[in-house]
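Residue-level listing of the chains:
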Amino acid sequence: MTRVSSEKEAAVLAQPTGQEPDSPAAAETEPQPISGDSRALSLLRDASLLPVLVVLIVFGALVSPVFLQADNFWGIGQYASSIALITAGEALVLMIGSMDLSLGGTYGFAPMLATWLVAPASAFGSGLKLNAYAGLIVLLLLGAAVGFVNGLLIVKAHLSAFIVTLGMLIGLAGVQDGLVDGQTISALPTCFSYIGGNFWGPVPVSLVATAVVFVVVGLFLRYRRAGRAIYAVGGNAEAARAAGINVDRVKIGVYMAAGVLAAMGGFVEMGRDGAITASQGYNEGVIFIAFASAVIGGVSLLGGKGNMVGVAVGVLVLAVVQNILDLKNVNVFWEEAVYGLVILIALVIARVIGDRETQT
Amino acid sequence: MLDNNTVAVPRLAAKHLSKWYGHVGALREVSVEFWPGLTGIVGDNGAGKSTLLKIFSGFEVPDEGEVLLDGHPVAFHTARAAREVGIESLYQTLALVNTLSVADNVFLGRELYRRILGVRAVDRRAMRKDADDALKLLRISMPPSRVGVKQLSGGQRQAVALARAMYFGARVVLLDEPTASLGPRETAAFLRIIRDTADHGETVVVVGHNLPQMLELADHLLVMRAGRIVAAFRPKDTSLRELTDFMVGSA
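Protein sequences, first through last, are from chains W and X.
The numbering of the first sequence is our numbering, which starts it at 1 and goes up by one.
The numbering of the second sequence is our numbering, which starts it at 1001 and goes up by one.
Treat the hints as calculated values from the structure; they're not laboratory data.
Computed from a prediction, not measured in an experiment: that's the story for all the values here.
Note that CB positions come from ideal geometry on N, CA and C, so glycine has one too.
Some clues are possibly wrong.
[Claimed, not checked] Stretch-level coverage of chain X by chain W, calculated; a stretch enters the list once three of its residues show a Cβ under 8 Å from a Cβ in chain W:
1. 1109-1117
2. 1240-1249
[As the list claims (entries may be wrong)] Some but not every residue of chain X turned toward chain W, in silico, with C-beta under 7 Å:
3. Leu1096
4. Val1097
5. Asn1098
6. Thr1099
7. Leu1100
8. Ala1121
9. Val1122
[Unchecked claim] Estimated spans, in silico, between C-beta atoms of each pair:
10. X:Arg1185 - W:Leu302: 50 to 60 Å
11. W:Ile57 - X:Leu1117: 54 to 64 Å
12. W:Leu302 - X:Asn1045: 31 to 41 Å
13. X:Ala1081 - W:His158: 19 to 29 Å
14. X:Gly1022 - W:Leu141: 44 to 54 Å
15. W:Leu302 - X:Asp1044: 34 to 44 Å
16. W:Leu141 - X:Glu1033: 49 to 59 Å
17. X:Tyr1021 - W:Glu336: 53 to 63 Å
Go ahead and model the full structure; you've got the sequences and the hints to work with.
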């Protein structure tokens, strides 16, 4: 297919056709003025919750003298890293207009399986003594495999994403529990706890790793054909199909990528804890935090909208709230209630700001 | 158009096309030729207009007969395949992705690239510029192409789809009731655009209900009834009355 020479076309179309001047369309030929076009502005629009984050930081500084200390910020970064990774996965699935509850299961089961394969039987492991790096590969492959199965069931068998991934979530959590009889494996190989638990100077390694992942995913979404296709599939699957995009392949690929991101998140969380518990993931309800963070960060549940800058801000907003609650020693029995209320308020603000921004 | 040494060949043609839905013959042995310019197809509901257009655009496969593009038989089973040989169809529901920008929509599935540090990356700037240029040719009031399609009016959306077809050098542009959802002012603007496109030497086929509009717009008019083409006119040689008679079968 050849591109039309625009000079030639311009010349042809510039010839008066007679009906031109008095046609009603003539009044419409003036191009509309172009308003501010800086890249910085569009990035800011992506992160419409930045003001909320600023307000939270000011509030945190007022209520706790510890809040503004650098170590506290690095701590927030370390805490937020694992959540950010699983949220990135959930955001991708939301962008294609679907949902994946099973990421919460993968977040616990993938690191559990890897550690169980590596750890000795005396520490609730399998006793298979798999090489730790091979365990790492198992962890990533498991994330991809769970996503692949989800994708097949949803895309090819046309089953409901909600039910498929709910079943998968509960099933994975059950196997995670069953493998270790509800116990915790704390005998982690060094390479398992390095990213989640170590610091480079004051900087948590997990934060650096997560930032790298976010930049890669963000660039992928923005500059690769497959990344653009994710938005198209979520925005209008029929139009995407007519444009030659393999919609089924894009969807299954996204479920797989999300599974891998959730497995990575669980891996980082395990390293931060220095142990893998039977309750990591499903029993902690991490999937709800991931959903809330993604939506607060501007990812549409209807698909086709969202980006990694927004997701990062969404994760940080909730992480800062969590941090303030921890610093203020809010009664643990009431902590969840406050957290839920904050999520609702943040969602409302995100909606109000987001809508106003997109209309400009 | 006509070269002395070659026999003229219609841009798009159909030979003995038939399409059945159960016992209902939606198309019966339809043979037709489309030349550069604007051909309007009119007919009552169920006359077979849309079925004919759907076959040309790859959404339906005929039970019998063949489609020829520039004299060569072509067969396709998807809109994608039809588009690849240069037949673009503008369907309102299928055309655009609301959540993407105008530029992203123009280049959806056919993105422009550049290399950043050796990695192939979508060249968003070039896409925006080319989309702006392509839309400028249509001389319709449009916001810059980085704006989301969601913010466009119905007529502007149609213009985006048409600009996409023109940019990629479509051989034939098919439109099904293109102004059905547009207001009067937008209808006038969009009709001017497709008239311009036809004057520019494109082969444009428009299916429509609005007979006065079609009489004014088209270079050739085809009347369909009960799966057949029952009449072909130049607009100046016919009248509203005559068209209606052919449509309902009283002629």
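Hint-by-hint comparison with the structure:
no.	hint	in the structure
1	1109-1117	holds (count 4)
2	1240-1249	violated (count 0)
3	Leu1096	holds, 6 Å
4	Val1097	holds, 4 Å
5	Asn1098	holds, 6 Å
6	Thr1099	holds, 3 Å
7	Leu1100	holds, 6 Å
8	Ala1121	holds, 4 Å
9	Val1122	holds, 5 Å
10	X:Arg1185 - W:Leu302: 50 to 60 Å	violated, 31 Å
11	W:Ile57 - X:Leu1117: 54 to 64 Å	violated, 35 Å
12	W:Leu302 - X:Asn1045: 31 to 41 Å	holds, 33 Å
13	X:Ala1081 - W:His158: 19 to 29 Å	holds, 24 Å
14	X:Gly1022 - W:Leu141: 44 to 54 Å	holds, 49 Å
15	W:Leu302 - X:Asp1044: 34 to 44 Å	holds, 38 Å
16	W:Leu141 - X:Glu1033: 49 to 59 Å	holds, 58 Å
17	X:Tyr1021 - W:Glu336: 53 to 63 Å	holds, 57 Å
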